[in-house]
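Asks: So you can see what is in the structure, the chains are spelled out below.
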Amino acid sequence: MIEPTTELELSEAVRDAVGPLSIRGGNTRGMAPAAGDPLSVARVSGISLYEPGALTIVAGAGTPLSEIEDALKQEGQMLPFEPMDHRPMLGTDGTPTIGGVVAANVSGPRRLRAGGCRDSLIGVRFVDGRGVALKNGGRVMKNVTGYDLVKLLSGSYGTLGVLSEVSFKLLPKHDATGVVSLHGLSLSDGVAAMAAALGSPYEVSGAAMTPGVDDGAGSVVRLRLEGFENSVAYRGAQLQGVLKKFGAADMAMGGEEDWRAVRDVDAFADKTCIWKIAIKASDVPQMLETGIWPNFGCDALLDWGGGLIWVGCDEAQLAAISDDPIEGAARLHAALQSYMQVVGGHATLVKGPVALKSRVPVFQPEATPLVGLATGLRAQFDPRGILNPGIMG
Amino acid sequence: MEMPKPDPRVLGLKSKLVARLRDVLPHDAVIDDEIQTRVYECDALTAYKCPPLCAVLPASTEEVSAVLKICHQEGVPVVPRGSGTSLAGGALPTADSVILGVARLNGVIETDYDNRFIKVQTGRTNLSVTGAVESDGFFYAPDPSSQLACAIAGNIAMNSGGAHCLKYGVTTNNLLGVKMVMMDGTIVDIGGAHMDAGGYDWLGLICGSEGQLGVVTEATLRILPKPEGARPVLIGYKSAEIAGACVSDIIKAGVLPVAIEYMDRKVLEVVERHAKAGYPDCEALLIVEVEGSPSEIDEQLGLIKQIAAKHDPVELREAKDAAEAGRIWLGRKSAFGAMGQINDYMCLDGTIPVSSLPHVLRRIGELSKEFGLEVGNVFHAGDGNMHPLILFDANKPGDLEICEEMGAEILKLCVEVGGCLTGEHGVGIEKRDLMNVQFAPEDLEVQMRVKDVFDPAWLLNPAKVFPLASSESRRVQVEAAA
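Protein chains in written order, with numbering that gives the first Met the number 0: chain E, 0 to 392; chain W, 0 to 481.
Because the hints were derived from the structure by calculation, they are not lab data.
Because the structure is a prediction, the values reported are computed rather than measured.
Take the hints with a grain of salt, since some may be wrong.
Unchecked claim - For lysine to aspartate or glutamate, the following EDC-like pairs were computed, each having C-alpha atoms within a straight-line distance of at most 20 Å:
no.: 1; chain 1: E; residue 1: Lys-134; chain 2: W; residue 2: Glu-415
no.: 2; chain 1: W; residue 1: Lys-251; chain 2: E; residue 2: Asp-174
no.: 3; chain 1: E; residue 1: Lys-134; chain 2: W; residue 2: Asp-442
no.: 4; chain 1: E; residue 1: Lys-244; chain 2: W; residue 2: Asp-113
no.: 5; chain 1: E; residue 1: Lys-134; chain 2: W; residue 2: Asp-432
no.: 6; chain 1: W; residue 1: Lys-251; chain 2: E; residue 2: Asp-69
no.: 7; chain 1: E; residue 1: Lys-134; chain 2: W; residue 2: Glu-441
no.: 8; chain 1: W; residue 1: Lys-166; chain 2: E; residue 2: Asp-174
To be verified - Anything over 10 Å on all C-beta distances counts as not near chain E; from chain W, calculated:
no.: 9; residue: Val-23
no.: 10; residue: Gln-35
no.: 11; residue: Thr-45
no.: 12; residue: Ala-94
no.: 13; residue: His-193
no.: 14; residue: Gly-197
no.: 15; residue: Glu-240
no.: 16; residue: Asp-280
no.: 17; residue: Phe-335
no.: 18; residue: Ile-341
no.: 19; residue: Ile-351
no.: 20; residue: Arg-362
no.: 21; residue: Phe-370
no.: 22; residue: Asp-398
no.: 23; residue: Ile-428
Don't be surprised by glycine CBs; every beta carbon is placed ideally from N, CA and C.
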């Protein structure tokens with residue numbers, strides 16, 4: 000394992016590399032390819048600047064996420080995008096780093112209100128495939144000086160550069176959390192209820208649904224409100240009014256742990272294969288009820304008001320699709336990606352056996368011109384093709 | 000400001016080019032008359048002017064594609080133009096370029112309240128995007144000062160901001176999808192009504208690329224439900240330092256105002272004469288606005304007033320009704336116009352860490368004395384996006400040059416304290432040659448390599464963003480090859 004402790008050492012390590020590198024921080028998100036010399040950024044670590052009055056933090060890419068969250072908590076602030084912890088879902092251990100959050104553009108339920116990781120990220124330092132240390136963006140929250148490579152690097156899974164430092168804009172952390180919930184709704188009513196809530200002025204900061212069986216039995220829709228306590232209570236009551244046509248909604252204060260479970264997709268911890276799907280929310284009922292469920296037994300969880308679907312299969316569900324579970328999973332994978340091709344959006348295989356990952360395109364295939372641009376960018380940023388080769392097409 | 004010498008080969012192509020463009024566009028969509036092309040000789044950076052070879056006004060994505068294909072084949076530079084409100088010269092032509100204006104692409108394609116987006120053609124003005132949805136209780140959040148005139152195409156090119164970024168973000172945070180035409184005429188769809196990119200974040204890269212990577216013809220934009228209400232409070236202080244400390248304390252206290260605006264004495268005096276907003280006599284004025292229901296507003300403003308009072312304000316005034324709120328905003332909204340009435344001015348938009356506000360304002364005051372030009376400061380204090388207005392006399396020989404020199408010093412100062420050259424206006428030609436102050440050569444090189452991928456012949460808006468000396472080998476190589 001190559002373990003540089005500074006950006007300079009990191010750039011030397013990349014410059015001197017003679018073959019492919021497998022780049023990781025805490026290696027908790029299943030990103031690092033199996034092949035290649037392991038290169039860990041975990042020791043390029045530490046918060047170098049935190050100005051609560053400017054809502055800004057700058058840290059080494061290897062800084063543990065928990066270290067950052069603890070520092071912010073002390074000042075009553077937070078990362079707006081609520082990054083998920085992949086460990087429960089993927090069964091990984093290790094320490095999630097802030098660089099890993101950025102490399103995979105990891106967000107959580109608050110993404111629908113506060114934007115994703117890429118929206119809060121305001122600066123990066125990284126080492127390209129030549130071993131050259133580069134910077135883009137900075138530490139101020141409004142910056143249009145030159146091209147925005149900050150967003151390009153976010154979600155590029157280490158294929159364009161190895162992150163050494165990241166900067167974020169922050170938000171004050173709310174005093175109180177409240178949840179308005181509806182039970183027993185059908186999938187289409189649940190999606191419609193979330194749309195009604197998100198279309199109201201009451202600043203819903205989380206909208207998730209666990210679909211039920213047989214037209215909604217056992218389903219739960221959860222809508223989160225955050226802010227000053229009085230304001231949360233007021234908006235909860237208003238929201239109950241907005242949702243009246245969907246039935247009586249419950250309102251309760253608290254519920255942070257439920258949202259952590261939504262964020263980390265706890266309910267799918269026992270699934271063998273998991274897909275993450277970004278879709279227009281109103282397309283969800285038809286996709287699942289007409290396109291997927293009649294042909295594939297699988298479970299689904301909705302977040303981001305339906306804009307995000309987690310689809311999961313356990314061993315038994317895969318066995319029901321085909322005698323060969325890899326074949327069954329590959330068929331479901333193909334069905335999800337072709338559906339997204341038609342309606343718009345994308346399906347990514349997040350968890351699955353190596354045999355499946357090496358057989359199917361993990362990421363949603365892109366249109367031909369974009370494939371050309373992606374190939375061109377990789378050749379420019381990493382001419383030797385040594386940065387996490389084999390992932391992202 | 001230096002511009003590349005026009006290519007005689009391209010100048011000689013004019014009649015052939017115009018004929019080819021007329022083959023694919025209606026007659027009136029190709030403007031080649033030397034008087035009419037002067038309409039396109041500059042944008043809002045009026046100090047620099049140059050009529051283009053010709054201008055085209057396509058009315059569909061297919062027409063844009065046909066135009067670009069021809070220009071690509073002929074090796075002719077293209078300068079995309081929204082409404083021409085760029086303060087940075089983003090739409091300034093060269094004599095050997097074709098202006099591609101998107102003004103005729105101004106329709107609404109789709110509105111969807113369940114999924115909270117609107118899909119528009121990009122020649123549509125910013126304000127009319129909100130106009131299309133506000134009767135149904137929604138709005139489009141980015142609100143640059145020029146929103147009455149500026150086009151979404153330009154907003155995307157420059158990643159425009161506005162007064163309400165602190166809460167709602169800038170263009171890139173509100174852009175879900177685009178249809179874009181590449182320089183060779185290829186049409187690509189990126190993103191859509193869903194959130195987040197599947198592969199690389201193409202949207203993030205395109206937004207703010209100043210029309211150098213492609214021409215965006217359609218945009219899917221996030222719309223938001225209008226808040227229940229909003230109310231401002233006005234706070235006057237004896238010094239910039241105190242006002243800066245107050246801003247920092249408000250942010251630290253956990254309130255997130257939708258806007259924190261700042262005006263200094265110079266601006267206040269002019270605005271008071273012009274708009275009679277009834278502002279107090281003070282060195283630094285803050286307008287802080289919060290949103291929500293009446294009781295939510297009371298709670299937030301209560302906290303803000305408490306913090307403000309600790310800093311011993313000259314005046315602390317809360318709007319009691321809509322009329323008073325209007326008066327508080329009146330002066331701020333008319334500030335640029337009022338300053339323009341008394342003088343020519345150059346408006347900069349460097350951004351700094353909020354903690355450096357007092358230091359930077361003090362240095363700007365010193366520079367003002369050194370250069371002998373007055374400066375007014377009016378800006379978005381919550382996000383550190385400065386707007387120093389340097390007053391000069393355009394009719395006095397040499398004054399513009401002194402003003403530009405002083406502007407450069409202010410922007411260098413912004414970078415020195417950890418900020419950047421431009422927070423929302425873009426680089427264009429105005430800050431092009433200062434890019435070396437903020438970026439090392441290799442940081443600029445990697446950005447130019449991105450352009451190499453999208454536009455290998457460097458035909459799209461080629462003389463912008465990068466210092467001419469840095470981009471020369473790429474542009475000149477093209478001329479030689481063509």
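Asks: Determine for every hint whether it applies to the structure shown.
Replies: For each hint, the structure was consulted:
no.	hint	in the structure
1	Lys-134/E to Glu-415/W	holds (16 Å)
2	Lys-251/W to Asp-174/E	holds (13 Å)
3	Lys-134/E to Asp-442/W	holds (6 Å)
4	Lys-244/E to Asp-113/W	holds (16 Å)
5	Lys-134/E to Asp-432/W	holds (18 Å)
6	Lys-251/W to Asp-69/E	holds (16 Å)
7	Lys-134/E to Glu-441/W	holds (9 Å)
8	Lys-166/W to Asp-174/E	holds (18 Å)
9	Val-23	holds (21 Å)
10	Gln-35	holds (32 Å)
11	Thr-45	holds (21 Å)
12	Ala-94	holds (26 Å)
13	His-193	violated (4 Å)
14	Gly-197	violated (3 Å)
15	Glu-240	holds (13 Å)
16	Asp-280	holds (28 Å)
17	Phe-335	holds (18 Å)
18	Ile-341	holds (27 Å)
19	Ile-351	violated (7 Å)
20	Arg-362	holds (17 Å)
21	Phe-370	holds (23 Å)
22	Asp-398	holds (27 Å)
23	Ile-428	holds (14 Å)
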